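J.: Chain G is already provided as a structure; the job is to place chain P on it using the hints.
Going down the list, the sequences are from chains G and P.
All residue numbers for the first sequence refer to UniProt numbering, where the first residue is 1 and numbers rise by one.
All residue numbers for the second sequence refer to UniProt numbering, where the first residue is 1 and numbers rise by one.
Treat the hints as calculated values from the structure; they're not laboratory data.
The reader is advised that the hints may include incorrect statements.
Same chains, same label: a pair holds when it works inside one copy or across any pair of copies.
What the hints assert, rightly or not - With a straight-line Cα cutoff of 27 Å, these simulated BS3-like cross-link-like pairs (lysine-lysine) come out:
hint, residue 1, residue 2
1, K13, K166
2, K166, K126
3, K168, K70
4, K100, K126
5, K151, K126
6, K148, K177
7, K100, K70
8, K100, K231
9, K52, K150
10, K180, K168
11, K13, K52
12, K166, K180
13, K126, K150
14, K150, K13
15, K42, K13
16, K166, K52
17, K148, K126
18, K168, K42
19, K180, K42
Quantities reported herein were computed from a predicted structural model and do not represent experimental measurements.
2 protein chains.
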Amino acid sequence: MLYLIGLGLGDAKDITVKGLEVVRRCSRVYLEAYTSVLTVGKEVLEEFYGRKLILADREEVEQEADNILKDADISDVAFLVVGDPFGATTHSDLILRATKLGISYRVIHNASIMNAVGCCGLQLYKFGETVSIVFWTDTWRPESFFDKVKKNRQNGMHTLCLLDIKVKEQSLENLIKGRKIYEPPRYMSVNEAAQQLLEIVQNQRTRGEEPAVTEETLCVGLARVGAEDQKIAAGTLQQMCTVDLGGPLHSLVITGGGMHPLEMEMLSLFSIPGASSESQSIDGL
Amino acid sequence: MLYLIGLGLGDAKDITVKGLEVVRRCSRVYLEAYTSVLTVGKEVLEEFYGRKLILADREEVEQEADNILKDADISDVAFLVVGDPFGATTHSDLILRATKLGISYRVIHNASIMNAVGCCGLQLYKFGETVSIVFWTDTWRPESFFDKVKKNRQNGMHTLCLLDIKVKEQSLENLIKGRKIYEPPRYMSVNEAAQQLLEIVQNQRTRGEEPAVTEETLCVGLARVGAEDQKIAAGTLQQMCTVDLGGPLHSLVITGGGMHPLEMEMLSLFSIPGASSESQSIDGL
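This is chain G alone, in the form it adopts within the complex (with noise of 0.2 Å):
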């Protein structure tokens, strides 16, 4: 049997009960390392689980999904995953994969930022679709995720900005030179999605668009989710570009307006001083 176990948003113990019991059985236990991190580290994780964790970067489980699969229809492995397993599309391949060769699969689900974004206060099911923002590089710098936020805010939904994560990457320089030399991780900060998210307003400007967002609109800032040292803070596009929220990982979330009262008053609640949107203020509530 393969488990699919998501591990939650936090650290070691946000894994459920019924997880951490087949991770204890399993006789392989992978930990998928590059679409998500928890605040501690696989070390910690070892040794809470009792068990050796083996990393499974992206190139492990897109070309050697067969080496995790290995025996896996005789005995029982387990593939973690920080959050819930569906968040990734590289999951369904893994199960796919399985499915193939007859090898039964069984997930054990966990919360993961798709969901837990609702301790802002926003409603979840008025968020439309989540998009994901990346590391703009010198020739890089997309902007058609813009649409989709239009989009979202056209029909008054908030839109859920997942920020770039970059695990083991090459420079440019060591891919062509065949060199298996990593950068350090990088995690982009609610300030850099901000930033870059006011660079596509002003060019829309330029161009004579008008942006479906701007300097004024509600924001919220989101980091490390479910850990002891959650920060959450609300206040305008303009004023995402210079709130501290700490270390990894980031999330960013751009309202929909016109907002529920409750809402409104949950945001309150993060409000960061002096903070002030476009059609609703959230200070004094």
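T.: Relative to chain G, chain P alone:
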């Protein structure tokens, strides 16, 4: 401290290790019992947690929140919610009430249908606004949620339909006479939801409108997500009227069209024999 603790979706062991530790040390533990249910009852939870649970119904949470929050400034009180605490609005109420009383709160997240629905293979970030389908009565047959499904489909987004739960409801007669006699709990099935949807489709046609959904629209029925005996079935809306998914809880997804090949391939794992949809076959993948 007020702890809002998600219980996940399946049984007693779907609580997180962190959640369980908190439950075991709190002075009072409430179980919210009106927005969802696990596959096991209160007694099973009590035995596994080693704690007495106080059932909190909607009335109590809305009208007697102060009882729940009593002494939470000097002791720890846990409020357990099936799924994650941020599905239903009422829990924002409780947090706001606590904050006003100067009581700190912490959330221990877990899986909810809002993210676990990804187990059917549809990509989570492509879900639009979530809708609720309520039991129709002779005099109240709301169709307005259908506009949201339409908007989602126009934008190529899937729609998660949460199906009605009636717990501790009174008949009109008992309500009028002030008799606290409650009807047995009712959980809407995928069959019932699909039948209501098809009736709306017919009504739209009668009014000369072009319905956004037809008998042939590809849908996914899910039952007891996260439980051992979870069931998923992919097929047309027509097929959802008769597919047998067993006991509660059920959810329904109306797909958005224009799906990714991986989504289709995953859905084919759950395909009802003979299923074929409007635009894409999910057979023979």
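J.: Flag every earlier hint the structure violates by its number, smallest first.
T.: Hints 6, 9 and 14 contradicted; others consistent.
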